[in-house]
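Engineer: What follows is the residue order along each chain.
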Amino acid sequence: MRWIQSIARRIFGLFVDDGSFAVAILVWLGLAMAGVPRTAVGAQWAGAALFAGLAVILIENVLRFARRRMK
Amino acid sequence: MGTTLVASFLASLVECVEALTVVLAVGSVRGWRSTLGGAAAALGVLAGIVAVLGPMLTRIPLHGLTRIPFHMVQLVVGAMILLFGMRWLRKAILRSAGLIPLHDEVAAFAKRAAAIREVEASVAQLPRNAHSWDKIAFGAAFNVTMIEGTEVVFIVIAFGAGGAGLLLPASLGAVAALLVVAGLGFALHRPLARVPENTLKFLAGVVMCAFGTFWAGEGAGVAWPDGDLAIVWLIAAYLGVALALVPLCRANANAVLVED
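Protein sequence lines, in the order shown, are assigned to chains A and B. Counting from 1, position 67 in the first sequence corresponds to residue 67 in our numbering; the numbering is continuous, with no gaps. If you count the second sequence from 1, you need to add 1000 to reach our numbering.
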């Protein structure tokens, strides 16, 4: 049974390393899901906005880690 | 289809290299028969899981066996790939910037071999029949192959569930990775220390982020310009952001050091 627990932990770890990072991604996707059908912006801008939000989440998290690591 | 195959190959390659290191460490200490038996048994179990889950997944969007709308499948699969890919990309950026240590296969091999020797020493007083299966070797090899293999199965399912006909290239990519790593391990009999694991994680992370964003976007109702070609633009965009982040991270860390 221990290997099943170990696998379950590893599977969870596949998606979540830094909790706030994972939550931010899911929240942004949730906002996209709720917002895209209601917005009147062009389709290409919805895609660009989705990418931009995810890129900002990545940039913020990595730079925050860099600052925290060196303190 | 080609992108799915390459993405699945790259992502699976990293997991296979990690499994090979442990299998080699166990085999070199405890002998090869039980070690390879354990790895083969785990591969058999994993093949069974793929055989059961694969056809189920292909039926969800194609034949409407469930009431789950296809855009929800795309959204969930996209979100999972995105979480997976973003995690890899984040780690690869931090490793490239020197903020966390690179994964060292030789060190991992030595650590595993030492751990197996410790277990061996503790059970040395027990009688061992040369013809019977070595439970320690079998169990250790089964365990690691099962764990890393489950991750590969997830990679295949995640890439394969995104659209019709993608499960085959995703599976072929994973099988190719397994064959390449097993072949190299068989020929070299030592850990694949020269495999640029971080570069592979960096590239696989970029591709997975692009796929995840594309599918999650489709599920959310985004109509991507240029259709599937948008994946290529997303790959380029994520690669640009990630490459720019490496020196930015170093500069940020240095700035903190100077402030202190």
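Simulated from the structure, these hints should not be mistaken for laboratory data. The C-beta atom is built at its ideal place from N, Cα and C for all residues, glycine as well. Treat the hints with care, since some could be wrong.
Part of the chain B face toward chain A, derived, beta carbon under 7 Å [as the list claims (entries may be wrong)]: (1) W1032; (2) A1079; (3) R1087.
Derived lysine to any residue pairs resembling SDA-like cross-links, with alpha carbons at most 25 Å apart [stated by the list, open to error]: (4) B:K1111 with B:I1231; (5) B:K1111 with A:A24; (6) B:K1111 with A:I4; (7) B:K1111 with A:A55; (8) B:K1111 with B:V1195; (9) B:K1111 with A:W28; (10) B:K1111 with A:N61; (11) B:K1111 with A:A8; (12) B:K1135 with A:D17; (13) B:K1111 with B:A1051; (14) B:K1111 with A:A49; (15) B:K1111 with A:R10; (16) B:K1135 with A:R2; (17) B:K1135 with A:L14; (18) B:K1111 with B:P1101; (19) B:K1111 with A:R9; (20) B:K1135 with A:S6; (21) B:K1135 with B:P1101; (22) B:K1135 with B:G1044; (23) B:K1111 with A:R2; (24) B:K1111 with A:I59; (25) B:K1111 with A:L26; (26) B:K1135 with B:L1200; (27) B:K1111 with A:A22; (28) B:K1111 with A:L31.
Simulated DEER-style distance windows between Cβ atoms [unchecked claim]: (29) A:S6 with B:G1183: 26 to 32 Å; (30) A:E60 with B:V1045: 36 to 42 Å; (31) B:P1069 with A:W45: 37 to 43 Å.
Engineer: Which of the numbered hints above does this structure break?
Structural biologist: 1, 4, 5, 7, 9, 10, 12, 13, 14, 17, 21, 24, 25, 26, 27, 28 and 31
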